[in-house]
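Undergrad: Sequences listed follow chains A and B, in order. Sequential numbering of the first sequence, starting at 1, is according to my numbering. Sequential numbering of the second sequence, starting at 1, is according to my numbering.
Warning: the hint list may mix true and false statements.
From chain B, some residues computed to sit far from chain A (all C-beta separations above 12 angstroms) [what the hints assert, rightly or not]: (1) 58; (2) 88; (3) 100; (4) 105; (5) 124; (6) 141.
One side only, chain A facing chain B, incomplete, derived with CB under 10 angstroms [stated by the list, open to error]: (7) 39; (8) 117; (9) 217; (10) 220; (11) 224; (12) 228; (13) 288; (14) 289.
Heads up, simulated DMTMM-like pairs for lysine to aspartate or glutamate below, C-alpha to C-alpha not over 25 angstroms straight-line [said to hold, decoys possible]: (15) 119(A) / 225(B); (16) 48(A) / 241(B); (17) 119(A) / 219(B); (18) 198(B) / 234(B); (19) 49(A) / 225(B); (20) 119(A) / 234(B); (21) 49(A) / 263(B); (22) 119(A) / 22(B); (23) 49(A) / 22(B); (24) 259(B) / 219(B); (25) 198(B) / 241(B); (26) 98(A) / 30(A); (27) 48(A) / 116(B); (28) 48(A) / 263(B); (29) 119(A) / 263(B); (30) 237(B) / 205(B); (31) 259(B) / 234(B); (32) 208(B) / 234(B); (33) 200(B) / 263(B); (34) 49(A) / 19(B); (35) 48(A) / 114(B); (36) 49(A) / 234(B).
Hints were generated in silico from the structure; no laboratory data involved. Beta carbons: idealized from backbone N, C-alpha and C, even for Gly.
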Amino acid sequence: MSTTNEAPAAFRHAANRPGPIHAIREAIGDISSRQRLVRYLVAADIRKKGANTLLGNLWWIMDPLLQMGVYVVFVSLILNVDTPDYPLFILAAILPWKWFTSSISDAVTSVVSQERLIKQIQFPKLVLPVASTMAGVVGFVFGLIPLAAIMLLYSGRISAFLLLIPVIAVVQFVFTLGLSILVSAVNVFFRDLGNVLRHVLRLWFYLSPALYGMAQLDASNTFQANPWLRFAAHANPFAVLFESYRSVIYGTPEGLPHAPDWIALLVLFGASVLLLAVATFIFKRLEPLYATVL
Amino acid sequence: MTDPADPPPVERANAHAIDAADLGVRYSLRFTKKSTLRNSVGQLFSRQAPEPFWALRHVSFNVVRGESLAVIGPNGAGKSTLLQVLAGILIPSEGSVAVRGHVSSLLTLGAGFDQELTGRENILLAGAFLGLDDPIVRELLPTIVEFADLGPFIDAPIRTYSSGMRARLGFAIATSVDPDILLLDEVLATGDATFRSKSKQRVIELVKAAKGIVLVTHDMTWVTEYCNRAILLERGKLIIEGDPAEVVAVHQERSARAKAEREAALGAAAPAAGR
Numbered sequence: 001m002s003t004t005n006e007a008p009a010a011f012r013h014a015a016n017r018p019g020p021i022h023a024i025r026e027a028i029g030d031i032s033s034r035q036r037l038v039r040y041l042v043a044a045d046i047r048k049k050g051a052n053t054l055l056g057n058l059w060w061i062m063d064p065l066l067q068m069g070v071y072v073v074f075v076s077l078i079l080n081v082d083t084p085d086y087p088l089f090i091l092a093a094i095l096p097w098k099w100f101t102s103s104i105s106d107a108v109t110s111v112v113s114q115e116r117l118i119k120q121i122q123f124p125k126l127v128l129p130v131a132s133t134m135a136g137v138v139g140f141v142f143g144l145i146p147l148a149a150i151m152l153l154y155s156g157r158i159s160a161f162l163l164l165i166p167v168i169a170v171v172q173f174v175f176t177l178g179l180s181i182l183v184s185a186v187n188v189f190f191r192d193l194g195n196v197l198r199h200v201l202r203l204w205f206y207l208s209p210a211l212y213g214m215a216q217l218d219a220s221n222t223f224q225a226n227p228w229l230r231f232a233a234h235a236n237p238f239a240v241l242f243e244s245y246r247s248v249i250y251g252t253p254e255g256l257p258h259a260p261d262w263i264a265l266l267v268l269f270g271a272s273v274l275l276l277a278v279a280t281f282i283f284k285r286l287e288p289l290y291a292t293v294l
Numbered sequence: 001m002t003d004p005a006d007p008p009p010v011e012r013a014n015a016h017a018i019d020a021a022d023l024g025v026r027y028s029l030r031f032t033k034k035s036t037l038r039n040s041v042g043q044l045f046s047r048q049a050p051e052p053f054w055a056l057r058h059v060s061f062n063v064v065r066g067e068s069l070a071v072i073g074p075n076g077a078g079k080s081t082l083l084q085v086l087a088g089i090l091i092p093s094e095g096s097v098a099v100r101g102h103v104s105s106l107l108t109l110g111a112g113f114d115q116e117l118t119g120r121e122n123i124l125l126a127g128a129f130l131g132l133d134d135p136i137v138r139e140l141l142p143t144i145v146e147f148a149d150l151g152p153f154i155d156a157p158i159r160t161y162s163s164g165m166r167a168r169l170g171f172a173i174a175t176s177v178d179p180d181i182l183l184l185d186e187v188l189a190t191g192d193a194t195f196r197s198k199s200k201q202r203v204i205e206l207v208k209a210a211k212g213i214v215l216v217t218h219d220m221t222w223v224t225e226y227c228n229r230a231i232l233l234e235r236g237k238l239i240i241e242g243d244p245a246e247v248v249a250v251h252q253e254r255s256a257r258a259k260a261e262r263e264a265a266l267g268a269a270a271p272a273a274g275r
């Protein structure tokens, strides 16, 4: 009468608290044993996102283009900044940012929105933020279609460095996953987080070199006079990511695409892995409380 | 009220499917119920810790394989909390619980369905949440679809379902996954008369197949007819454990007395009131 099963066949529960190593090991087991559940959740998420609108998943392609259009009008016509090939310049930042914000805002509610299920079935809750972060990747991949179209308009900037996009995306994914897991857990206890996060994200975007380049900031008087401010700006994960994407997609206003700053990227990768580990530990530590709090 | 006609015999020599020892579940009221930053911060600074609330305390019992245990008691007695602990959803704050075998627990039937997905897709998703292997779920799919008996609605989104249809699908999934231990919370009252008799039949089959069942219900007829044993919970405490008829009698006597006391108090407080 035995059926093969991914869930544990027996358990024994008593009040105890696992240590960090144990929690992270358990988390890896949670995800690897429930890959199919993650896959189903990702597929359901994608289907739902496209289902309620007339143009459906076409919006994934149109959204970045429209957003790019808004910024091009705003910056190059109204503020009169004349960076050459500006649409490509900001699209290189808009695509990764859209991926990041949509993943984070989906992840915030990922655990809370499954409240009823969490009270009914025992399953590793970690699959929820992981699935919503994975679903975000699909949006990013679709965003590469408009990027390809815009690249054709600026064919002079097409280079082999474009092949490095996935490498930079891996660093961004680890960073996003860590943050997603953290916010999904914290939001169970503080429901204000979603509201706070919306504004934090907007501020973060404008403080990161998306609409402008890092070089412009470095050249400014405030930055020349204040080395700490300069350090803080360079330590911003999205300064590293935007500059990396831009160096392989766009290059510099004067020059062609080039390799990203490998050291900065490597440091960010290390920090992201650390963030992921800490976030996973916190998530696992709080997991037993979800059913009582929700 | 019928007599305990002929409950299925149980071999007590079997290993226990469930062992609960001195079980206690405490709800810390600090974080419960959608706290916002404002009142949580307020609580952090307030001197006295919020009073802990014990939904269950000092509860010990076991379930033998092939046994059908009824959990009865008034509202708020901790019955659903107990099922959540047995399902592994809540971790006991005190004592321990050991469960031997796969548990199926769609406790409040159909509440966890994804509204946008079709019935069929929800079956696959529920199977994945329960941790069943994909080939098994696909093998079970026709049986579940047939038992739920939703006709063409099986391929429509769940949001178009009536609550009865949702409950039927939930029951069909929970009882089709061939669990070793089945936890049912207030499910026998769902659906129309036809489905009710069908679901009773299904539960009886599961009992005969030597599965452990823990059932929360207010249907005392069902308890005395089909359960081997019953426990009575009141305010998180185990009052009595034993033969279903005996436990039901105690429960009815106690709730009648509680009701009389309540009415007496009400009458004393407001003698002029109509009742």
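Undergrad: Each of the hints needs a verdict: does it hold here or not?
TA: Here is what the structure says about each hint:
1. At roughly 15 angstroms, the least C-beta separation between residue 58(B) and chain A is larger than 12 angstroms, which holds for a residue marked as non-interface.
2. The non-interface label for residue 88(B) is inconsistent with chain A: the shortest C-beta to C-beta separation is roughly 4 angstroms, within 12 angstroms.
3. Consistency note on residue 100(B): stated as away from chain A, yet its beta-carbon is not over 12 angstroms from all of that chain's, at 5 angstroms minimum.
4. At roughly 6 angstroms from the closest C-beta of chain A, the C-beta of residue 105(B) falls inside 12 angstroms, breaking its exclusion from the interface.
5. Annotated as non-interface, residue 124(B) brings its C-beta within 12 angstroms of a C-beta of chain A; the closest such distance is 7 angstroms.
6. Even its closest Cβ contact with chain A, about 14 angstroms, leaves residue 141(B) beyond 12 angstroms, as expected for a residue assigned away from the interface.
7. Among the interface hints, the one on residue 39(A) holds; its C-beta lies about 8 angstroms from the nearest C-beta in chain B, closer than the 10 angstroms criterion.
8. Residue-level restraint check for residue 117(A) holds (minimum Cβ-Cβ distance to chain B is 3 angstroms; threshold 10 angstroms).
9. Interface restraint check for residue 217(A): the shortest CB-CB distance to chain B comes to about 33 angstroms, outside 10 angstroms, so the restraint is violated.
10. Evaluation of the residue 220(A) hint against chain B yields a violated restraint, the C-beta minimum of about 36 angstroms exceeding 10 angstroms.
11. Annotation: residue 224(A) was flagged as interfacial toward chain B, and the flag is violated, the nearest CB pair being 39 angstroms apart, outside 10 angstroms.
12. For residue 228(A), the shortest C-beta to C-beta distance to chain B is roughly 30 angstroms, which exceeds 10 angstroms, and the interface hint is violated.
13. This hint holds: residue 288(A) has a C-beta 4 angstroms from the nearest C-beta of chain B, less than the 10 angstroms allowed.
14. The criterion of a C-beta within 10 angstroms of any C-beta in chain B is met by residue 289(A), whose closest approach is roughly 7 angstroms, and the hint holds.
15. The hinted pair formed by residue 119(A) and residue 225(B) fails the criterion: a straight-line CA distance of about 29 angstroms is larger than 25 angstroms.
16. Distance restraint check for residue 48(A) and residue 241(B): the Cα-Cα separation of roughly 48 angstroms exceeds the 25 angstroms cut-off, and the hinted pair is therefore not satisfied.
17. Distance check on the hinted pair: residue 119(A) and residue 219(B) sit about 23 angstroms apart at the alpha-carbon level, within 25 angstroms; holds.
18. Under the criterion of a C-alpha separation no larger than 25 angstroms, the hint pairing residue 198(B) with residue 234(B) is inconsistent with the structure, at around 31 angstroms.
19. Annotation: proposed proximity of residue 49(A) to residue 225(B) is violated, straight-line Cα distance about 49 angstroms (limit 25 angstroms).
20. For the given pair, residue 119(A) sits about 22 angstroms from residue 234(B) by alpha-carbon distance, which is consistent with the 25 angstroms threshold.
21. Using a Cα cut-off of 25 angstroms, the hinted pair residue 49(A) and residue 263(B) is violated, with the two alpha carbons roughly 55 angstroms apart.
22. Among the hinted pairs, residue 119(A) with residue 22(B) is consistent with the structure: their alpha-carbon atoms are about 22 angstroms apart, no more than 25 angstroms.
23. A C-alpha spacing of about 47 angstroms is found between residue 49(A) and residue 22(B), which places the hinted pair above 25 angstroms, so the restraint is violated.
24. Restraint check for residue 259(B) and residue 219(B): satisfied, since their Cα atoms lie roughly 19 angstroms apart, inside the 25 angstroms limit.
25. Between the alpha carbons of residue 198(B) and residue 241(B) the distance comes to roughly 29 angstroms, so the proposed pair goes past 25 angstroms and is violated.
26. Straight-line distance between C-alpha atoms of residue 98(A) and residue 30(A) comes to about 28 angstroms, which puts the hinted pair past the 25 angstroms bound.
27. For the hint pairing residue 48(A) with residue 116(B), the CA-to-CA distance comes to about 7 angstroms; that is within 25 angstroms, so the pair holds.
28. Only pairs whose Cα atoms come within 25 angstroms are accepted, and residue 48(A) paired with residue 263(B) is rejected, the gap being roughly 53 angstroms.
29. For the proposed pair residue 119(A) and residue 263(B), the alpha carbon gap of about 35 angstroms is over 25 angstroms, so the pair is violated.
30. Under the criterion of a C-alpha separation no larger than 25 angstroms, the hint pairing residue 237(B) with residue 205(B) is inconsistent with the structure, at around 31 angstroms.
31. A hinted pair counts as satisfied when its Cα atoms are at most 25 angstroms apart, and residue 259(B) with residue 234(B) qualifies at roughly 14 angstroms.
32. Of the pairs offered as hints, the one joining residue 208(B) and residue 234(B) is violated, with about 30 angstroms between alpha carbons and a cut-off of 25 angstroms exceeded.
33. Restraint check for residue 200(B) and residue 263(B): the C-alpha separation of about 36 angstroms exceeds 25 angstroms, so the hint is violated.
34. Between residue 49(A) and residue 19(B), the direct Cα distance comes to roughly 45 angstroms. Violation of the 25 angstroms bound is thereby established for this hinted pair.
35. Using a Cα cut-off of 25 angstroms, the hinted pair residue 48(A) and residue 114(B) holds, with the two alpha carbons roughly 10 angstroms apart.
36. Restraint check for residue 49(A) and residue 234(B): not satisfied, since their Cα atoms lie roughly 46 angstroms apart, outside the 25 angstroms limit.
The structure fails to meet hints 2, 3, 4, 5, 9, 10, 11, 12, 15, 16, 18, 19, 21, 23, 25, 26, 28, 29, 30, 32, 33, 34 and 36 from the earlier list, while all remaining hints are met.
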